[in-house]
Amino acid sequence: MPDPMLTLAVILVSGLAALIASHGVVNTVRHGEWTSAAFLSLGLALMTFSFLNIVITFAGAWVSTTDVYNTVTNEMPGWGTIGLRVMLVVQALVAVGVIIVRLRRGNQMINIPAVFLSIVAFISIGSAFLRGEDPLRPFTIIYVLVLLACIVAPRGVGIHLGIGVAGLLLAAASCFAMWLHPDIAVDECQAGYKCGILGFNLPGVMDNENALAISLVMAMPFVYMAFRGWQGTVLTLYVAGVVVLTGSRTGSLAAVITLAALLIIRPDVRNPTRAPGRSLLLAIGLIPVLAISVILPFVIRDPLAFTGRGGLWTLAREELSSIGALLHGHGVFGWDSLRDIGKIDASEVYSAHNQWLSVAFSTGLIGLVCFSAAIFALLWQARNSYLPVVCCVLVPVAVLSIT
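Mapped onto numbering that gives the first Met the number 0, the consecutive letters of the sequence shown carry residue numbers 0 to 402.
What the hints contain is simulated information worked out from the structure, not anything from laboratory work.
Don't take each hint at face value.
[What the hints assert, rightly or not] Beta-carbon label-pair distances, calculated as ranges:
| # | residue 1 | residue 2 | range |
| --- | --- | --- | --- |
| 1 | P275 | G155 | 17 to 27 Å |
| 2 | F138 | R300 | 29 to 39 Å |
| 3 | E74 | W379 | 43 to 53 Å |
| 4 | I263 | G131 | 44 to 54 Å |
| 5 | F38 | I109 | 17 to 27 Å |
| 6 | P153 | V348 | 33 to 43 Å |
Backbone N, C-alpha and C define an ideal beta-carbon position, used for all residues, glycine too.
My request is simple: use the sequences and hints to build the entire structure.
This is the structure:
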């Protein structure tokens with residue numbers, strides 16, 4: 000359990016961050032920035048971050064179970080499962096609503112990167128059908144609907160506000176859960192090598208510390224740009240601090256790099272400028288990171304490299320050895336099926352632990368080309384004044400994609 004004084008310090012800092020965020024939100028309301036786009040992105044982001052997890056954690060309602068290997072896991076109560084189903088239905092309805100409303104307006108601007116990412120999703124679904132699987136499960140359908148909604152969804156400051164506020168709520172809720180329900184929100188350090196700076200890991204309201212860290216790091220650029228002036232900087236520092244508390248090594252590294260990029264580049268979504276000098280500086284740092292993330296999993300041969308990720312990368316490459324798999328991948332649930340035959344364990348089931356290799360595994364070279372095209376299109380559309388904004392949003396993606 001965490002030291003009471005350390006817990007008090009974290010709670011006080013979180014309370015101060017909440018006050019600053021509240022003042023910042025009031026300012027954005029005064030400036031008329033809380034549009035329907037802001038509420039849309041806030042709602043979808045909260046559901047993506049799993050607002051239901053926050054409710055169950057604060058209610059102390061997680062059901063702990065121990066398997067034959069003495070591994071303790073927390074499962075949702077009955078009402079939580081019902082709530083999850085309702086939340087999925089709401090996500091689907093919101094996505095469909097956005098598509099209908101935006102298309103009815105006519106002359107709708109199409110988000111080309113979202114088109115490419117939707118194609119990647121359909122390739123993954125088609126590959127699953129070719130394997131004889133049924134990929135049309137609730138999560139898959141909602142994922143596709145949200146992607147399709149992104150093709151016509153609104154853009155601008157409101158999107159940054161919604162995602163930024165959702166990230167702050169997730170960070171603060173996880174810290175307060177550390178005080179209210181430490182038995183759920185706090186984990187012991189793993190084997191003495193994976194540990195937060197306070198001597199414990201902080202999964203908070205999420206399933207594990209990596210899930211919390213990744214969600215918060217992805218939200219950092221939105222927090223920075225959502226709030227004006229010093230408020231954005233202070234609140235981003237707070238979120239980065241919570242990431243370091245989690246004990247996630249990849250998340251902590253990404254948080255430090257993302258924070259440095261934001262403070263140096265100073266992107267401004269309200270008054271975007273070309274800033275060629277800063278954009279060049281960011282590109283000099285971003286391109287090598289992307290190159291490493293692409294090349295690394297294809298050259299590593301040691302299965303123990305990067306705390307066992309080398310073994311996962313080798314397995315993924317081996318599974319892509321046939322022509323069919325190389326062209327169109329193994330589908331949306333292909334990696335999950337490796338657990339069923341005992342090639343990976345439950346802790347490794349969510350991905351091949353490299354973004355590019357995961358896309359290749361699920362969708363093959365065809366999907367990988369479309370995925371790359373989405374990123375290229377995003378950068379091309381922002382090549383003028385919005386390039387610093389887009390590149391800063393991509394910094395945590397690039398770092399996290401490595402492992």
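Violated hints - listed by number, lowest first
none
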